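Heads up: the sequence lines are chains B and W, in that order. Read in order, the letters of the first sequence correspond to residues 1 to 143 in my numbering. Read in order, the letters of the second sequence correspond to residues 1 to 442 in my numbering.
Bear in mind the hints are in silico, worked out from the structure with no lab data behind them. Hints are all accurate, no fakes.
Derived DEER-like restraints, expressed as beta-carbon distance ranges: (1) Gly109(W) to Asn117(B): 53 to 63 Å; (2) Leu43(B) to Asp299(W): 24 to 34 Å; (3) Gln129(B) to Ala428(W): 14 to 24 Å; (4) Glu71(B) to Arg298(W): 42 to 52 Å; (5) Arg412(W) to Lys49(B): 17 to 27 Å; (6) Lys57(W) to Asn117(B): 40 to 50 Å.
In silico negatives: residues of chain W with every beta carbon more than 10 Å from chain B: (7) Asp155; (8) His169; (9) Ser440.
Here are the simulated EDC-like pairs of lysine to aspartate or glutamate, each with C-alpha atoms no more than 16 Å apart in a straight line: (10) Lys432(W) to Glu71(B); (11) Lys418(W) to Asp73(B); (12) Lys21(W) to Glu96(B); (13) Lys418(W) to Asp62(B); (14) Lys21(W) to Glu94(B); (15) Lys21(W) to Asp127(B); (16) Lys418(W) to Glu96(B).
Fair warning: this is a prediction, and the values are worked out from it, not measured in the lab. Each residue gets a CB set at the ideal place from its N, CA and C atoms; glycine is no exception.
Chain residues, written in single-letter form:
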Amino acid sequence: MPGQSSHFTPALPLTSQPQPCGRAGFSGFPSPAQDYEPCTLDLNTRLVKNPTETFYVTATGDSMEGWGIFEGDLLVVDRSIEPQLGHILVAMLEGEALIKRYALYRGTPHLCSTHPNYPPLPLEGSDCQLWGVVRAVVHEYLR
Amino acid sequence: MIGLVDANNFYVSCERVFQPKLEGRPVGVMSNNDGCVIARSAELKALGIPMGAPAFKLEEMRQRGEIHLLSSNYELYGDMSARLTQLLRDACPAIAPYSIDEMFVYLEGLTTEQCERLGRELHHRIRRHLGLPVCVGLAPTHTLAKLANHLAKQDPHYQGVCLLNGQDHTTQALLKRTQVGSVWGVGHRLAGRLAIGGVTTAWDLRQSDDKQLRKRFSVVLARTALELRGTPCMEMNALDQPRQRIMTSRSFGQPTGVFAEVHNALRRHAQRSAEKLREQRSLARAVMVFLNTNRHRRDQLQYFPQALIALPSPSDDTRVILDAVRQGLEQIHRPRYQFMKAGVMLLDLVDAEQHQLSLLHPPVRDRHPFLMATVDQINQRMGQGTISFGMTDAPAAWQLRCAHRSDRYTTRWDELMKVGTHPGAVAAAEAKQKEKQKKSRR
Chain B
1 MPGQSSHFTP ALPLTSQPQP CGRAGFSGFP SPAQDYEPCT LDLNTRLVKN
51 PTETFYVTAT GDSMEGWGIF EGDLLVVDRS IEPQLGHILV AMLEGEALIK
101 RYALYRGTPH LCSTHPNYPP LPLEGSDCQL WGVVRAVVHE YLR
Chain W
1 MIGLVDANNF YVSCERVFQP KLEGRPVGVM SNNDGCVIAR SAELKALGIP
51 MGAPAFKLEE MRQRGEIHLL SSNYELYGDM SARLTQLLRD ACPAIAPYSI
101 DEMFVYLEGL TTEQCERLGR ELHHRIRRHL GLPVCVGLAP THTLAKLANH
151 LAKQDPHYQG VCLLNGQDHT TQALLKRTQV GSVWGVGHRL AGRLAIGGVT
201 TAWDLRQSDD KQLRKRFSVV LARTALELRG TPCMEMNALD QPRQRIMTSR
251 SFGQPTGVFA EVHNALRRHA QRSAEKLREQ RSLARAVMVF LNTNRHRRDQ
301 LQYFPQALIA LPSPSDDTRV ILDAVRQGLE QIHRPRYQFM KAGVMLLDLV
351 DAEQHQLSLL HPPVRDRHPF LMATVDQINQ RMGQGTISFG MTDAPAAWQL
401 RCAHRSDRYT TRWDELMKVG THPGAVAAAE AKQKEKQKKS RR
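This is chain B alone, in the form it adopts within the complex (with noise of 0.2 Å):
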């Protein structure tokens, strides 16, 4: 459960003991490795800051390509962080999630993409709410 402690089996058995070698009593140099604790990296915790607050959603379209977004890319996306200029937001329009850039456009702050055919869309007057903000993109090439 996301919202859990994170748990992480190593994909590759990682282990510091020496291996037997088959005669009694010896059992060759220990390994130079063998003081540190196996610590395998965990994807987590460079991805997911706020397990709690933390939801994983699927994009969908091709007008985010321009900001490395592509179909069926998995979204990190951290709904307790405060929305900064250039960030890539999920935000709510109109009963529809939708993945945008929260940029300056002609002064004046906007939800934007990389595609010429949606223009930048004004947040001043609309009824927008933030959902929550992208931490992360994970573009799976072998799925």
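Got chain B; can you put chain W on it based on the hints?
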């Protein structure tokens, strides 16, 4: 100060987090097998649709698009509840979950102003960070906190947070217009008996003589009166009668991480809970399993998981509940944690007799009332646990009817919320998908 944080229309609110189009619309969530309505949005309540309304009667309205009816999605609700609990655990000195959508927070050592500020902060943060609307009631006692919460829900003037200090004018005015029957721990029947003696409002009860209450009614009622006066004297578990949910939990003598040991403890709790359930002639629709590590041991890994398992149909059968408990434990147990406490909660209870009389529900083959009654009798006569249940068989392939269940957005990789990069992107992708499926079928 004690705070009660209670989510508004919790099941519906969970659905709305991931389906923004449901915001402002009449939405209902149905029981297992889509039998009847068990949760309603404010808009659905305004249409006059009562709790427990049979779903088939609403089918026409649903098809005309006037209302939205969803199958219950317990996996989603369970995960959102775990997040809510965790958020409160991080923000408050101590908390105690009371049900899936109600949590008590204990704010000892804070001034009244600090409590109110924290209440507002929690109200705002839960809405913003989890997308859930909640109300917060703050007061010196459990009983008053419950009333404060009720007031926060009813009166928009409070903007979701109501603090009753127990002595002020607001407390007095509220108690004077609160029927004694809606005070926590005062049942319907008791309210009738109290009315004979002229006690009709919560204020009357507060002003009643302590000795008289104890003599003519019970110690529990005398305590309720004390609580109304602002003197905390009730343990949380004493308050839930008639029970809306049944909880059995205990700390381990020795912390343990061994699956079999945790499972054994949970099996005991499950059997005890099932007995309590049958005692009050209720059936449960869902079972929650939770584990706690020792939060005071900062040097140890912390883990407070919970799992919610929906039952195929409302049940009081120990074996069905044991089975759900095992499923839940398998979902959340991780060997590297030392667990301090384990518990079982039975949720969404229905009245057994009413349920059996209803023609809407398919006959339940799992139930063996005589077997259960016999087991309970033997245990009552010969002592707790004289007869208990061994390992149950592997679960039958439970086929829940859940035609209108939303996706399990937070617990399944292949059911995440889809978000478009431009308006209409998700709708277009879904249309394309349907087209593809049609073609492949041909």
